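**Student:** Fit chain R to the known structure of chain B by using the hints.
So the sequences go chain by chain: B and R. The first sequence: position 78 = 77 (numbering that gives the first Met the number 0), numbered continuously. The second sequence: position 399 = 398 (numbering that gives the first Met the number 0), numbered continuously.
Please keep in mind that the hints were generated in silico from the structure rather than gathered at the bench. No experiment lies behind these values; they were computed from the predicted model shown.
Pairs count within a copy or across copies, as identical chains cannot be separated in the list.
Simulated crosslink set (EDC-like; lysine to aspartate or glutamate; CA at most 20 Å straight-line):
no.	residue 1	residue 2
1	162	407
2	339	407
3	230	251
4	364	302
5	364	206
Number of protein chains: 2
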Amino acid sequence: MWKLPLDGESGRILEEILKRAFERVRGDVVVKDNLKLSGDCLVIRGKRVKIEGDIYILAIGKASVAMAKGAEDILGDRLKGGLVVTKYGFSMPLGRCRVLEAGHPIPDENGLRAARAAYDLVRGLSDGDILFVLISGGGSALLPAPDGISLEDKMFVTDLLLKSGATIQEINCVRKHLSFLKGGKLRKAAYPAKVVTMVLSDVIGNDLSSIASGPTFVDSTTFEDAVNVLKRYGLWDRLPSSVRKHLREGIEGRAQETLKPEDEDMNDSVTEIIGDNRYFCGVLCDAAIELGVSPIHFTSFVEGEAREVAKVVAAIVKEHLFSDERKPQLLIFGGETTVKVQGSGKGGRSQELALSLAVSMSGWKGYKVVSLSTDGNDGPTDAAGAVVDDTTLLKAQNRGLNPLSYLDNNDSYNFFNALEGLVFTGPTQTNVNDVVVALVGYT
Amino acid sequence: MWKLPLDGESGRILEEILKRAFERVRGDVVVKDNLKLSGDCLVIRGKRVKIEGDIYILAIGKASVAMAKGAEDILGDRLKGGLVVTKYGFSMPLGRCRVLEAGHPIPDENGLRAARAAYDLVRGLSDGDILFVLISGGGSALLPAPDGISLEDKMFVTDLLLKSGATIQEINCVRKHLSFLKGGKLRKAAYPAKVVTMVLSDVIGNDLSSIASGPTFVDSTTFEDAVNVLKRYGLWDRLPSSVRKHLREGIEGRAQETLKPEDEDMNDSVTEIIGDNRYFCGVLCDAAIELGVSPIHFTSFVEGEAREVAKVVAAIVKEHLFSDERKPQLLIFGGETTVKVQGSGKGGRSQELALSLAVSMSGWKGYKVVSLSTDGNDGPTDAAGAVVDDTTLLKAQNRGLNPLSYLDNNDSYNFFNALEGLVFTGPTQTNVNDVVVALVGYT
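Same shape as in the complex, but just chain B (with noise of 0.2 Å):
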C-alpha cells in the first residue's frame, strides 16, 4: 500500500523508521496500549470503570475503525455492539461494530443518517451500560447533528463564521449550539449510562472541547455567548431564520445547552488522550534509535502558512548540514500548517510544504525529507505528502518544471507527481496532524 520513493541506504532506512512509527500509532494499537480488562473493571490508562451492564462502542473519525477493532479485540464477548462511522473508502469489516461511511470534510446526508443512529445508540443505554466512545479526527464533520435546523441551514452558518475573522473558539461556540451531539451532548443522552471516551487528538495542544467537538466533553460556553459572537460579525441578519429561532429558543431554556461543568457529576466518567502529535514524534524518536539514528524533536506545536514554516524547517535543516558533526540524525518538527490558496492548482498542505522547503534548500546536500499528513490524506489529494532531497530541484530542471511557477498555483501536487515524489499510505488508521522528519548525516 505504502508508496515512499526513497532511494539509497539512507532512504531505506527513513523508511523503516517511518513504517515502525506508523504501526505504533494505529488506532487498534494504541487502544489495546491503553484498555485492559481486569476481572469485572475496564482498566483505562490506570483508572478502572466497573462493568455492571453492557458495553457499546461509537467510534468517530478517520481512525475510528482500528480504534474499534483494537476495543472488540480487548473487550471480545464483553462488548454487545456499537456504531463506527468513517470517511468513505477509510472502512473495514469489524466483529461486532457496524460502521458507516460519511462525507468529510464537507458533511452529507450518510453522517445526519449516521448522527441520528449514534443518538438512537446511545438515547437506549440503561444505568449500569458503559459508552464506550473512541474519538479521533475528522468526527466533528462526519457526524453532523444540526439541532432544530437543516444541514444546509448549519453549513451556511459555519461557511460565514469561516470568512467573517470569528476564531476557531467562537466558530466552534456557536456550532456547539445549534448541534444535538457536540459540546458534551452526547453525554448527556447517554445518561444515565457511564462514559469512557479515548481520544486520538488531531488538535495541536490537545483541546478536549475541540477534538471533533468534543461531543463528551463539558463546554463553558452558553447560547447568549453564540449569539454575541454572530452580532460582533454582523452575522445576525443575515442567518437563516431556523437558526435565529433556535437561538433564541436556547436563550429562553427551550434548546439544550451544551454540558457544562456543573453537570460533570450526572454521569461517571473518564477521558484519557491516547495518543496526538507529540507520542507520534516520541515513537519517531524510538525507531530512529533503533536503527542507529539521533532523533531530534523539535516541537509538536507547529503552525502558520505551510510556505513560510518550511523556510524556517530550512534553516535548521541547514544548520545540522552545515555542521561538521557527521552523524545521523532525524529531525522532527510535528503540528500542522495551512495554506492560503490563491492559486489553482492541486495540492495539500505537507506537500506544499515540501515543494516550499524544497526551494529554500536550493544548493545544499545530503539529506532526505519527508512531509507527511498521518492520516495519509494530504488536503484533497490522494497523496500524504512527499519526499525533497538534494536531488528533487536537479529533476525538476531536466523535465523543465519551474517550482516557483508550482507554490505560485498552490500546484505541489502536479509537480511531485511528475517527478514521482509523492508519497502515499492509503487510509494509515490514524490521525494525529503532520509531521516534517528530516535525515541528515549520511554521506
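**Tutor:** Same frame as chain B, but now just chain R:
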C-alpha cells in the same frame, strides 16, 4: 544607551547575556580578535601579508567606524590613513581615518561623494602598499558608484528589478555591471597594491560576492548576463538610454568588466569573514553558559515572512515550556526575516516577529523573548526590536490594544511603544542580521 525592558532575575540574566554577546561582536573587537602585527607582517587569521609600503584603510558599512577603530588600535603608526563611510548618526571620531556619513538604505549625493573619494584613495596606491578593506552590511547603499550613468538612473533600474520578480542574484548581476566599485572593481582599481579584506557578514550564508556587493571579490557574471536578465523580465525597453548605452559598451569591451576568477592573481589578496550571525549566536551561547544558562542554537539561516516565522519559533518555545525540565535554557534563532507590508503602521521585521510571537504564545507562561536587529536599527524605526513575555498580552488587554489589529496594520512599533516593550540600543557598531532569543525554565 541600551533600553531593554526586562523584569526580574531572569530579565537581568537575559540582559547580561545580550550585553556580553554584543560587546564581543562589536566591529573593533572582532577586528582586533583577528588581526596582529608580527614584525614586518600583518597576520589575518593566521595568514601573513608582508608590509612593504604604506597601509591604508577603506571601511564601509554600519559597523565601519568600529572596525576602523579596531584596525587603528592594532596598526598604530604603521597606518598611513584611510576613509570610513557609514550611515548618518553612526560616526565617531577616529585617529588617522577620515569619516564620512551617507544615506542608507536610500543612497544619496554624500554616498556618491564618498564613492569617488574611495576610488581616488585606492587609485593612488602603489606597488607594495596594502589596502585594508573593512566591510560590513549596508556598504552597498552607502557607496553608490554608478558607472557612466546618473545615480537616479541606477536607482530607477534597481527599482524596476525589485518589482520584476528577478532573484537577488539577477538583481546584483545587473547592479555590479552598472558600478565602478562593485563586483571586485574596487580591487581592480587598487592594483598593484595588495588588498586585505575583513568582512562582518550580514548576508545569510556569507556569499562574499553579495556582502556590500563584493567590491574586492570575484564575480562570475558578465555584461551579456546583465542584458539577458533585463530582457528576460521585459525591462530592456524601459531602461534609461544611458543604461542601455553603458551595457552595450560593456559587451563591446569598452566598459570595465567585474573581477573574474582568472584575474585572481592580479594583486595579492586575502579575504576573511571575521564575524557573522553564527559567530554572534556562538558568543550568545558562551555568555549564556557563563551565567548558568544552557544554550541551544537552532539555526543562523532563518528566512521567511516575519509573522509566520514567529509561529515556528513559538512552536519550539512551547515545546520547551511543555517539557518537565525546569533548568534555565536560552533558545537561539538567527537569520533575517522579511515583511510584506500591507498596512500603514510603523515597525520593523524584528518588532513584527515579536508581535506575532506574542499572539502565538497566548496562554503560555514562563518565558522571556527578545527579538532584535543586531545593528540596532529595525526597519525605519529608532528601535532595535522588542521584548515579549507572558505579561505582554495582558498589558495590551488592559490598555484596550488588539494585537491582531496592530499586526494587520504592520504597526508593531506603536503596539510595543504603548506597552514599553521596545528595545533601544543605538548604533551597536555591529551588523550580523537578527536574533530571537527565548529564555525559559525560570519559575
